[in-house]
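Sequences listed follow chains A and B, in order.
Quick note on our numbering: the first sequence kicks off at 1 and runs consecutively.
Quick note on our numbering: the second sequence kicks off at 1 and runs consecutively.
Mixed in with the good hints there might be a few duds.
Pairs involving identical chains hold if they fit within one copy or between any two copies, as the list cannot separate such chains.
Below, in silico cross-link-like pairs of lysine to aspartate or glutamate (DMTMM-like), each with a Cα-Cα straight-line distance of 25 Å or less [claimed, not checked]: (1) K97 - E33; (2) K99 - D218; (3) K97 - D80; (4) K97 - D31; (5) K97 - D85; (6) K273 - D308; (7) K119 - D24; (8) K99 - D270; (9) K97 - D270; (10) K273 - E101.
The hints are simulated quantities; they were obtained by calculation from the structure and are not laboratory data.
2 protein chains.
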Amino acid sequence: MSGRAPSSDLAARFSGNPLLAPRDLMPSREDFEVLSVINPGVFRHAGRTWLLARVAERPAPAPGRVRIPVARDGEVRVLDLRADDPGLDVSDPREPKYKGEGLLSSVSHLRLFSSADGKTFTAADNPFLRGEGAYETYGIEDPRVTAFADGRFILTYTAVSPCGYGIGARVTRDWARFGHLGLILPIPNKDCTLFPERIDGAYAALNRPSGVIVGGHDIWLSFSPDLVHWGRHRCVARCRPGAWDGARIGVNGPPVRLPQGWLVLYHGADASKRYCLGALLLDPEDPRQVLARTREPVMQPVAPYECDGFFGRVVFSNGHVVDGDTLTLYYGASDTVTCGAGLRIRDILSALGV
Amino acid sequence: MSGRAPSSDLAARFSGNPLLAPRDLMPSREDFEVLSVINPGVFRHAGRTWLLARVAERPAPAPGRVRIPVARDGEVRVLDLRADDPGLDVSDPREPKYKGEGLLSSVSHLRLFSSADGKTFTAADNPFLRGEGAYETYGIEDPRVTAFADGRFILTYTAVSPCGYGIGARVTRDWARFGHLGLILPIPNKDCTLFPERIDGAYAALNRPSGVIVGGHDIWLSFSPDLVHWGRHRCVARCRPGAWDGARIGVNGPPVRLPQGWLVLYHGADASKRYCLGALLLDPEDPRQVLARTREPVMQPVAPYECDGFFGRVVFSNGHVVDGDTLTLYYGASDTVTCGAGLRIRDILSALGV
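Construct the complete structure from the given sequences, taking the supplied hints into account.
Structure follows, in structure tokens:
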């Protein structure tokens, strides 16, 4: 590691990190290159551990040009600009602007990888999951996967189009056939994960709308009778100005039921856009109530692969598996690669003061 | 009128405008003053025409000070600052900022006014409708009222709190007792109006979420089985860059069923924040389909009371009544007063090319 992990960092990183890297993947079309393979949804199925990773691609670069993917008439085309075009603003490489209009630096789809031991992953034969319909023309990003006891898996992801980014959802039992639940939460919303069981008869989702003028990038909780229609929205955790999670927060993967309550891991960024992970403990009977929140991050970007890359100083997780006291976290590092780490649940509870 | 109305302006303004003005109202607390009485929801009930107007109040001014309402610990207090405080930014008087944090210039509640002739309104005895609960601590704004054939009235309004602004809703039959439906659409959302009947068995609402980074201030359509939970969100009309409705759009009051389709009036603002009104015609069977849209505004701010005031050059309507071919529009002018105007539906259809 480039820096020593601070004492609050509870993550034992895999020695084999990164587990997935762009160089291992073929792009989905020949005029694109793979920029990153990150932020997988995680689940167990058929005796294996699976990662549903976001693969972000961009137009292959050309000297002196900036090439930006744009959705036009339902398909992705390439806007090819001179690098010194005065209309171009690439001060944040993730969010280029052209003539004041926000554009995307990449278009994402989802690919499955599986592993027998949870440490060595190989690409699955399953078809890629791509954006479908008018609200996913810029692709689909950052999936969370929630497994229900009845055998259903629900994918919730960021659906991106020129109309904005909202929460899309699909349902599957076999990872071959999928039902589309539509845009389940309107723009602008990201970072949605479902609870793995109903709360008082209703599906429940933690999600992250973004305030305009008033309000911030906070974590909200919403409820649904049918996964398609959502209401009873309420804010459960706000950013803490000046702290490591002062600028934006959003949930990781599905909440984990413990005797003490629902354990929720989340990412937080400060004004410098350094992304760390923290934890919340929600009331076991009424998850609208936050029982505890870690003061310090439980994981911070310290390893070289977490500090250098397309957008450095980022650890960002959408999923995990739990085996006894061990929570194995899969996470995107530096917006470039996918890594793994183990955390002891008792350490997280201790950091929560429980 | 200060300027001649352009030929596209179809509105015959009432000679008695404004119908309601701040000077006619007492503030709801003695340390506040009434800033504006605007943007009423409109309905017919018990043989009269009713306006449910937004009354915006602010702390009474003091020399050399800027006094801003803030919600703290569930109640509204006054932040009292020196006018030259370097942390203060009042470049847009509707949206002051202090140390980068967005604040409100006013806090709103709703009051009922009624009229026998639709032209002279008097304050009703009904209690004021105020913000209730954590998501309305900064007040409630810009109500739309939709009357269903079963006698229910549904109010949809902007619920404002430090967590952001979303869509709140309440239901009543008698304007004395109200049921609260919660925050029905998450932040950030404004300008929500219900269709007066179900579409294929579902409640339908036009609403205006706001994009962050990608997406704009466009009109969306959402559906609900029960008025509480909403899904199947889709964008039905986008801003037209460079036009009078290039920066933001949002619906007026409830859609009007005509043989030709659903007539929807909407407001649009350009980059200079001049607010005009236009019209959409939605497919009578499938309102997700836009059949026509007016190229020019059907109403523009031209009268003195529409051009001068707290925030000039604004006509903004949340409701209307229909009598034969006459659509009587009640509207906020210059974010200060409430006015009335008549439009002929056949003229609007003609502007729509129908």
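| field | Numbers of the earlier hints that this structure fails to satisfy, in rising order | value | none
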